[in-house]
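Visitor: For reference, the chains in residue letters:
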Amino acid sequence: MKAKILVVDDEPDVTYTLKATLEAAGFFDIYPFNDPGLALSNFRPNMYDLAILDIRMPQMNGFELLHEIRKIDENVKVCFLTAVSELTEYATAIKKIYPPLDENCIIKKPIDNVELAKQLNRILNPHTQSG
Amino acid sequence: MVRSKQKTSIYYKPYHVINTVIEFIDKSSDRIDACVDYTRPSLIFEIAALKKAFIDAKKRGIKLRYVTEITGDNVSYCKELINTINVDLRHVDGIKGNFYVSENEYVAPATFHHKGKPASHIIYSNVKEIVDHQQYVFESFWTRAIPAQQRIKEIEEGVIHYQTKIVDNPDEIIKEISKLTADSNELDTCLAPGGLQYSHNHFFDIKKKLLDKQKKGQHKGIRYITNIGKENIQLVKLYMEQGIQIKHIKNLPAMSFGVSDKEIAVTIENMEGGTPIRSLLISNEPLYLKHFSSTFEGLWKNGTDVIDRIREIEKGVEPSDIEIIENPREAMKRAQQIIRLAKHEVLRIYPSLNTFRRHVRIGMIDLIQEVLKNGAKVRILIPAEEDQISQIVDEVVVESPQLEIRSIDKSLQTQMGVIVVDRKESLIVELRDDTKENYYDAAGLAAYSNSRPIALSYVSIFESLWKQGELYEQLKAYNIMQRDFINIAAHELRTPIQPILGLSQVVSPRVGGEEREHMRVIIRNAKRLQRLTENILDVTKIDNHSLKLQKERFNLIDLISRIVQDFRNQIDNPNLLLVCQFEEKQEDKNDLTFVRADKSRLIQVISNLLSNAIKFTKEGIISVNVEKQVKEKEKGIRQDEAIITVRDVGVGIDSKLLDRLFSKFATKSFAGTGLGLFISKSIVEAHGGRIWAENNSDGRGATFIFTLPLDKISELIDVME
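Heads up: the protein sequence lines correspond to chains A and B, in order. According to this note's numbering, the first sequence is numbered sequentially starting from 1. According to this note's numbering, the second sequence is numbered sequentially starting from 1001.
None of these hints come from the bench; they were simulated from the model. Note that the structure is a prediction, hence the values are computed from the model and not measured. Don't be surprised by glycine CBs; every beta carbon is placed ideally from N, CA and C. Do not take every clue at face value.
Claimed, not checked - Label-pair restraints from in silico Cβ distances:
{"no.": "1", "chain 1": "B", "residue 1": "1574", "chain 2": "A", "residue 2": "112", "range": "18 to 26 Å"}
{"no.": "2", "chain 1": "B", "residue 1": "1568", "chain 2": "A", "residue 2": "41", "range": "42 to 50 Å"}
{"no.": "3", "chain 1": "B", "residue 1": "1385", "chain 2": "A", "residue 2": "63", "range": "25 to 33 Å"}
Next up, chain B with everything else stripped away, as it sits in the complex (with noise of 0.2 Å):
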């Protein structure tokens, strides 16, 4: 066969289309396929000449295969072509365009045409590569396509064809919903709060047709559920009215949905105000149906009754609600929200002063001010030195007597944030990790109410807190003021015993006879008030927690012998004699008995237990000692320390006052203060030790006792020599 010059033309006019049609169904030799859409079967019967040439085709033994989209309408042509034509055909859903191919040409009639009307136009091409082409478009619709018999089949027994769809025309979906409506025999919708309004103003008029149908008994009703608030409050009681059924759900899924007994139709937009919906999805898969039909039922089952929800709004209760957030970036998104809507007050407890800063390193001094400009008040407790705080607020935060930030004592410091709005709302964050840079890695869980009771209670440990840190405040302002008085009391009261003192003692061996007996009763109450003067500042020191140790490593046993030789030059009593006891051990070594303490505290303590013996003893032997005891403190941890007693053979400490020793004012003696044992005391329980006494067993007298951890430094010296 000679080919023909090869060419790609297009004619116009429906004549030249037929012809050029037919003329190529008349050329082809071996086989013709066709792809075409609906309108396009009825076309072959309808013009004469063209069901002629297919038939002049067939007869010539030219295969015939052909799809398109069977349909309600085509189905009976689609069955004569099959039948008289012996074409094969095939059916693809949907399917539109339209051309024919052979084994050398090609012809694509337009496809804007009316239908049971030839085209207007045609295109036709010999060029090989370009009927090569159409040729694997048309394998392509071929092999996806089914049989016709099976579509026929399905079309003539009323199977559905399941189809899932995405519908993106705004005006496409209302036909879309409106034909879902329209044909359900149930409906169930789940809107966002905003959707009520869209369907209102689009398909209210199709539901009430529904609502008749539903009283003859043809339908079985419409529900609703949606976020029923103020803005949707009247659409509802309209709904309402109309015989509606409709529930309350405060957290709706993050989509709309409508399911009757035969489509689904979904969209993710939330219709705010009635806007339209921009991109539905469209299904009549019963998987879908039966997906929505179930999580319908699962939001129903929990809704709130509308009657119920629509006292509570007009009621202006909001029912409370406890949500917890898990996604620290939702939490902190929440945070913001709820601030940013306060109205009268924001309450904020921090953590720690490390979220305080990690807040403000994203933004939530903007924040503030934006609340400040609303005319809320804004308080802040951070848990650190006042300090910190001021250097943080002359850093970051604007001055306004609205915006109060104060400490509050580190001990406080606990691991939850907490946030009060408008003594309503609260959100409450874990801070996990305090050592975090970023804010999203150092929170944690967080839980969110509106409850107004747990809102007043976080209020009142708000205000116990911010109370808290004013009493704090005060209390140092009058530390700091006490402390200064014993200074100024101190020098006060000493220097006068000066000159008393100083100039007695001139004139006392000046002086004769009574003279001189009354100069030594001066100097003996100068020295007197100048002990109890030192007594009182040490108690007011004790009392005030202000007594300090000025620690450093000395010999325990160096130390009290000194005292005990000061003290055996001075003794006046020919029938006394102090003893150490230690001095006659040989095998004691001194550096074993080292110890970390206040040298002239101790002195102190040693000289006070050494002066009662004194006093309270006539005649015989006052004995000093010193021993190491090996003790555990913990399970492993060796804490040695050193026992030193006193003991005397003196008159005993009188049974009634046994137990109130070493309090203040307990004395028997006229010359004491009764505060040389409390003060003892406490020095002795300032450098970790403990202080007692006991009678003697023999009757004799009283032994005193205190201990004092060795210093571990000493053991260690001990091992290296």
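For reference, chain A alone in the conformation it holds in the complex (with noise of 0.2 Å):
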């Protein structure tokens, strides 16, 4: 079964682009949202499988999606796709806030597509990975 993925990024080229190297792969179903408002409003509860989501978002940052998202699905696995800078920082708040997630969960964009489905399985199926 393909994994159910919600990608949430203001820039569409951006999504579009998930979409389309990651569904090629055959292993993934992309749900991609420009509006993390409207990504919101049509959350419901075991919808996904993985929430990928940008932080830097014009109308509600990416921290403050995932708190309200986590206020609906607790177990959906979650990652942030962000361009920003400061990652170690971001990684070390993150893990302070939701220690579950832990320092894999902030992938840097631009990313080959190849690496990037390696990474989004490695958070899937971790007990399945080595190392």
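Given two chains presented individually in distinct reference frames, assemble the corresponding complex, making use of the accompanying hints.
Guide: Okay, structure coming up:
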């Protein structure tokens, strides 16, 4: 079964690219949103296996969105795909707020398709991966 | 003998007085002791009955003892008392009050009487307790009195009788000073500035007479020392015209004194505006004379000539003066004094934030408000953070456009507080111990100056610090702006690469032939753009000093093995071999190479060195090694470090490039940005390590070497294991 992935990024070109590249690999179903508010209002429990969130968005930033999403679905896996600079600082901060998230939850943009698919698999199936 | 009934009575009228005394003398059977003032000896010879009573008593064998003040006026009567009546006579200075005491009785003629006349009333008593008591009083005088012969000799030979006394009646004081002045053959006076007016009010006429005597050669002259200022300059000129010598002394002794060849007079009062003196010490003791006269000479020698001083005052030039104040209380007082008198401006540099707090506690804010009310401007510099200052300003300082407080960088914190008032006066106070709560314990020596050049040099220090504060603020704002820019630029540059790279990779396998080659070029350049973006952002961070390390503890050997493995997987050149030398050595324990470092940054450095090696080596072995080196950082302190080497067998480093290999844009490769090694160097140095490169001695290829300090905990674990 293909993993259902929510993608929220304010750049339509980015969501389009992610849908095109990740679905081409054949393992994922991508549900793209460019407006985090819209993504949130359509969000239901157990709807997705994974949410890929941009951090810097004009309407609502990725952390706020995560906070809201967690209220609806405690179990959905989350990672951030971002082009912001202070990644390590974010990682430390996120770890403090959401201890279950590990350092791999931040994926730096731009990223090679193969590498991205690899990282998403690692997040979706942490136990089947070695190391 | 039958004792008459005991009584104490007072008899009035001179007739009764004389009779009572005569009766008293006649009744005595053993002794008569008399204690009388200087007017009484003559009376015995002027009243015949009295004289007869004394002579009769002597004839009866009565012992007569007599204490009085022997003076030039009564000395002849005193001699007669001794010679005709054979009285045992002694002298006491300034004795007042009269009484006679015999073995059974006591009489005391009243003290208030005219010279040469009997008293108007008398006390009589035969009460034993009173008689005994008066006998004690008499004995006290008697033992302290000097023999009449000695005193008479002094008077006859003109020997001065030395005495020191305090006069506390303003009129008496004027009389004493007049006498001192008139009797003098030379006269030196050291006066508080206000004393000149007092002196002029009461003694100017006497002085004019002395000056006349001086012209005739009968007086040695009058000299004055005082602090000459605007307030007494007119009097000084008047005195000068009369022929009095005057000198100016800025710091006068704490007391005013006059010293003639015979006497001294001293007061500690300042006679401000000519106020009369209320207490004066007068003495003719030679030691005092000597002391005050040499004090005067010392001052006179250092005094400023009156002509020079008058010129200074009239030109408005205050002579410069530097004064060291040792007592912090005095320094504080002086600071408050000069600040309070500020007309235009007060500049103040605090040596520390604590000093400012201490000053607030002792009422500095009230003083500032007073100064502001007078229309002066106040500017204050405090070494502290901007927000600390604004907090303090909010707490304690009333807002006023005339008052500005700025922070200066803490690195500019000094041990000296500076106050400059009206660009004229300055006070520098040493900060001795900033940890003390109390101002007086924290402050040290102070130096006051009214020299304009000194004040101006402090003003220029103040102004440059003031400006520096401004620049510092601007710089901080600029840095924040730049960091924001980098963050936004990073985001904006990275985002468009994602669609290019991602979609090209999706399309690439679906097309063939020439189009596939086109896609390969697009992908390669998108990746190059990605690398360039990251490098430029890193360089900007380095230049901006905002490269931050997220340090964690990890095993360096594990990390390097992993990176090398990743590179092995990517190499598509079958003639290249990547070797980790440390993997072959059994004795190298992994836990010896723990470091505290930013993992992702180290990956960046090692990857950079490996990609370079791969880029410049067509075939052969690229070997990576990690060694441990024991290094003595300082005497006794060990700092072990890891030495990481990447050795290739490629073309080697162009000798022209070798010197600036690690600077920006140093590259011979057309595909490189020339930023990689610069970034690597910055990362290594930020970790406290070094990086360098050398061409291999066998002429084939180059070796890049960098060091990293090892984490000390690794050694501890080592020992425990």
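Visitor: Each of the hints needs a verdict: does it hold here or not?
Guide: Going down the list of hints, with the structure as the test:
The beta-carbon spacing between residue 1574 of chain B and residue 112 of chain A, approximately 23 Å, falls within the hinted interval of 18 to 26 Å. As the Cβ distance of residue 1568 of chain B to residue 41 of chain A is approximately 49 Å, the hint placing it in 42 to 50 Å holds. Checked against the hint of 25 to 33 Å, the pair residue 1385 of chain B and residue 63 of chain A passes, with Cβ atoms roughly 29 Å apart.
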